[in-house]
Amino acid sequence: MDGITSWITYVSGRPDEILATTWDHARIVLVVVLGATLFSVVLGVVVHRHPTARALALAISGIFLTIPSLALFAIFIPLVGIGNTPAMLALFLYAILPILRNTVTGLDSVPAAVVESARGMGMGPVRQLLRIRLPLAWPVVMAGVRVSSLITVGIAAIAVLVGGDGLGEYIQGGLTRLGLPNSLESVWTGTVFTVLLGLLLDLTFAGVQRATTSKGLRA
Amino acid sequence: MSHAPKIRLEHVEKKYPGSRTPAVEDLSLEVEEGEILVLVGPSGCGKSTTLRLVNRMIEPTGGTIHLDDEDVTSVNADRLRRRMGYVIQQVGLFPHQSIAQNIATVPSMLGWDRARVSERVDELLTMVGLDPETYRDRYPRELSGGQAQRVGVARALGADPEIMLMDEPFGAIDPITRERLQNEFLRLQAELRKTIVFVTHDIDEAIRMGDRIAILGERSHIRQIDTPERILAFPVDDFVRDFIGSGSTLKGLQFEVVDDAVELDPYPTMGVDDDPARALRAAQDANAAYVLLLDETGRPTRWLSVEDLESAERVTAESGTEVLAKVELGATLFEALEQMLISAAAVACVVRDDGSLYGVVRLTHLNRVIRQARVEAREHYERIGAAS
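Residue numbers (this note's numbering), protein chains in the order written: chain D, 525 to 743; chain W, 41 to 428.
Extracted from the complex, chain D is given alone in its bound form (with noise of 0.2 Å):
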């Protein structure tokens, strides 16, 4: 009980902080998850129809999920420096692969007869994915990017050890301070509020989806 209450107290000692903090954390995951969306979409779009494109893009991206994290951040630091740069690049690569993956999983569910029918009607191909295949698999790409801003506000929490900023910085901070005051509390407001965000986000999404949606795809 006394943990939570001087938890409360922590946090109430420094909201503008905190706040501030949990922006610059949102940031970053807003801004990775915005490039990476349109990157793996255009990716996407372009290996669909080619098989070896397609399995070499998706293998690439999958392995990028399997480097641990703390290497990957670090791999960036000789290239472009220490701070957010780094944690960008790092996060970009981890946000690539479920947006990809559902890119091409949405666009293989459009059903051929549509495809056909817009051929059919004269639509070239420009017109075809931009006004019937991408709006048909829209949904299941928003289900991707929620998946990926989802692993990226946890992920982004490392940032801190390359030099970035964001929610990372309380955990960090808390955990080198062990044992001393107010080390547990700055740990817990790290954790506590990227997971917040992490729903804060998700909700966000789940709304964009909705709006982006057409009536006639909704069950």
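Quick caveat, the hints were computed from the structure, so don't treat them as lab data. Computed from a predicted structure; not experimentally measured. Note that beta-carbon positions come from the ideal geometry of N, C-alpha and C, so glycine has one too. Incorrect hints may appear among the rest.
A few chain W residues that don't get close to chain D, going by computed Cβ distances all over 10 Å [what the hints assert, rightly or not]: (1) 110; (2) 128; (3) 196; (4) 320; (5) 368; (6) 392.
Pairwise CB distance ranges (calculated) [stated by the list, open to error]: (7) 182(W) to 606(D): 37 to 47 Å; (8) 182(W) to 727(D): 22 to 32 Å; (9) 742(D) to 285(W): 23 to 33 Å; (10) 742(D) to 228(W): 40 to 50 Å.
To give a feel for the contact side, a few chain W residues facing chain D, derived at Cβ under 10 Å [stated by the list, open to error]: (11) 114; (12) 118; (13) 136; (14) 138; (15) 182.
Given chain D, work out where chain W should sit, using these hints.
Just chain W now, kept in the frame of chain D:
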């Protein structure tokens, strides 16, 4: 004056890379303006491929395609397709678009303004028998199979194309709805007079829908191309005969009508006040087992058998058996035959609009008509055989 067919395929060939035999080999075909040409054949004969060559969904590897007198073998395929309606068995409505948006597909691509498009959408929905108010803003998943294909047809008619290509459009629809859609489509076509190429594997559908039928064998070889009447009366070879199957004579009866241009055999009739003995003699003269009793307005009411007449002093409105087997003037011989089968005298009465007797159809009449059709068809083929 040279008259150009609406669609002309000349020596068209489709050969897929890696396969030795072409899917479509040296196909030449003409479709006249305003007719429904049905391509029919066993599965795998290349009939769908042939249809898809016309709008170049499949690019031919040889030959030329003309619309009117324009060579469209190598024009922009997308623009070509916008000039033709395309209906497929699986319909392929866009599930994320409303019915109105679906129907507006081609008009929107052609840059029609909003007001004109929405007016056209309502017109088309009405045309295919769907209430615009109710259906305009619905989505495809809310439609039954039959309704979806109505929308499919409306969408294909979107920009009022002169040509419609239909690939088994009613193939996935339950038999009752299918027949209704076929009939409605034929009624629509009677108004619109589109040039239609229609693919089916069902010979009965081909007979019902086609102004002309092309029966295709392997690699889309045309085995016979003609009106359904003539194909039924004179299949040119065993392939066609097998494909038409049994009952072709019966099916042929659907194309023969009894109207006032048809002269029917005389049949003995009498009124209630006439002398039974005289009627009996008339029946014997006409070699008929029955006499038809007419009421005072000339409507057939009772069948009187020879025995009825022999035993009766006089006839009443209750003598004999009731006349049930009646068809109206203009009915097909198929309908007449159906009535003959249930008739006491094995004869179908043909009545005018007011119910009065025009004449009767007897088996000898059917027999004569069928034989006549066969002779004419054979002569026709002998003539074109001699000419070529």
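Checked hints:
Listed as outside the interface, residue 110(W) is consistent with that label: its C-beta sits roughly 17 Å from the nearest C-beta of chain D, beyond the 10 Å cut-off. A beta-carbon of chain D comes within 10 Å of the beta-carbon of residue 128(W); the shortest separation is about 6 Å. Here residue 196(W) does not stay apart from chain D, with its beta-carbon only about 8 Å from theirs, under the 10 Å limit. A cut-off of 10 Å between C-beta atoms confirms that residue 320(W) is not in contact with chain D; the least separation is 69 Å.
The claim that residue 368(W) lies off the interface holds: its Cβ sits roughly 42 Å from the closest Cβ of chain D, which is beyond the 10 Å cut-off. The Cβ of residue 392(W) sits about 48 Å from the closest Cβ of chain D, beyond the 10 Å cut-off, so the non-interface label holds. Remark: the range hint 37 to 47 Å for residue 182(W) to residue 606(D) is contradicted by a beta-carbon distance near 57 Å. For the pair residue 182(W) and residue 727(D), the supplied restraint of 22 to 32 Å holds, since their beta-carbon distance comes to about 29 Å.
A hinted range of 23 to 33 Å for the beta carbons of residue 742(D) and residue 285(W) is inconsistent with their spacing of about 47 Å. Between residue 742(D) and residue 228(W) the beta carbon distance is about 33 Å. The supplied range of 40 to 50 Å is therefore violated. Proximity of residue 114(W) to chain D is violated relative to the hint, the smallest CB-CB distance being about 16 Å (cut-off 10 Å). Look at residue 118(W): its Cβ gets to within about 4 Å of chain D, closer than 10 Å, so that hint holds up.
Because the smallest distance between the Cβ of residue 136(W) and any Cβ of chain D comes to about 4 Å, under 10 Å, the interface hint for this residue holds. Given hint, residue 138(W) at the interface with chain D, holds; its Cβ is 7 Å from that chain's nearest Cβ, closer than 10 Å. Interface hint at residue 182(W): satisfied, since its Cβ lies 8 Å from the closest Cβ of chain D, which is below the 10 Å cut-off.
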